[in-house]
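Undergrad: Letter by letter, the chains look like this.
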Amino acid sequence: MTYGLRCWNASKNLTLDVNENITRVRFQTEVAASVTASINLPDISGKSTIQLGLSLKGARTPHVVIRSGTVITWRARGSVHFPTGSTLVQVFLYD
Amino acid sequence: MADYGLVVRNASLDVQIDGTYRNHSFVKAKSVSVVGGNNLNATFGDIDTRPIVTHELLTATPLSLYRVYKFGSASYIGCSFTYPFGNALTVDLQVFKQGVNTLPDYGLIVNNASGNTVFSSEDKHLTFLNNYEATLGHGSETASIDITVGDADNNNFILEPFVHKEFVAGNPANSGHQFRGIRKIDASTVRVVNFSAEYPPGPAFPSTNAWVATLNVIEVRKE
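Protein chains in written order, with our numbering: chain S, 143 to 237; chain G, 237 to 459.
Think of the hints as simulated: they come from the structure by calculation, not from any bench. Check before you lean on any hint, since a few could be wrong.
Every beta carbon over 10 Å from chain G, so not counted as near; a handful from chain S, in silico [to be verified]: (1) 171; (2) 177; (3) 181; (4) 205.
If you want a taste of the chain G side facing chain S, the calculated C-beta under 7 Å gives, among others [to be verified]: (5) 244; (6) 258; (7) 303; (8) 358; (9) 363; (10) 364; (11) 396; (12) 448; (13) 454.
Beta carbons are placed, not taken as given, at the ideal position from N, Cα and C, and that holds for glycine.
Using the sequences and the accompanying hints, generate a full structural model.
TA: In structure tokens:
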């Protein structure tokens, strides 16, 4: 191990090894139904991200979350049975 | 980056953990079964923040995770899958909540500037391994695309975002819903497929605002 951090629990099992890449939330916001907007996150340039749109109210259609360059856009969608709903937008870094 | 305290970087010098760290932590694994039909509900107990649910892939049928719900409660208590009408099936899923789940007496914890714990080494954290794009367009009711993944036998998956399209409105006897689900072909191949649920579909409903052509197949480490 030349860098990073490792932790073991009381049973001597490895519980943390940051030689791995650790998934972490870079950005999150709760957005109201029907609202479409975007944000620029310059520091994600060159990094891999995963964007999730998580419905906050059960049988609703969450926003679709798209990355273009360093801009994250969330767009409202909806149908009759699954109308547009409030959404937790999360952008994860994972490498 | 934190102005003080612990900062852990990886080989690329990217900050992995500091006082601004946020992630989801593992809460529970669950195996749920249904005897037939096209709907599977799984309850997982009260979780106060919007959880993330990952699941294994079945070879027998594609699955679409279409909701994580509260049912009037202040907490999230369960989720639901739909799939093509069929026989009994069992799905293993895992639930992750925002923030720290365990505050141990040993190991490593990291607090933020407000004194709130943001990281605990005793937690099992949500770990994304890969993200693959699957583009199907509107396609036919049975259109599909195969995606090569790392390990469909041992990892869990998220198909995102949830996609749904309706058919004839105002005629319940001939109404239907088209979903997009995911199933396993073999250890290195998964299939994203359009499928219909409920009743035999009629012509496409004019509004397809909810439909998205490109989905993400997210491979997640199973805890």
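Undergrad: Which hints from the list above does the structure break, by number from lowest to highest?
TA: Failing hint: just 4.
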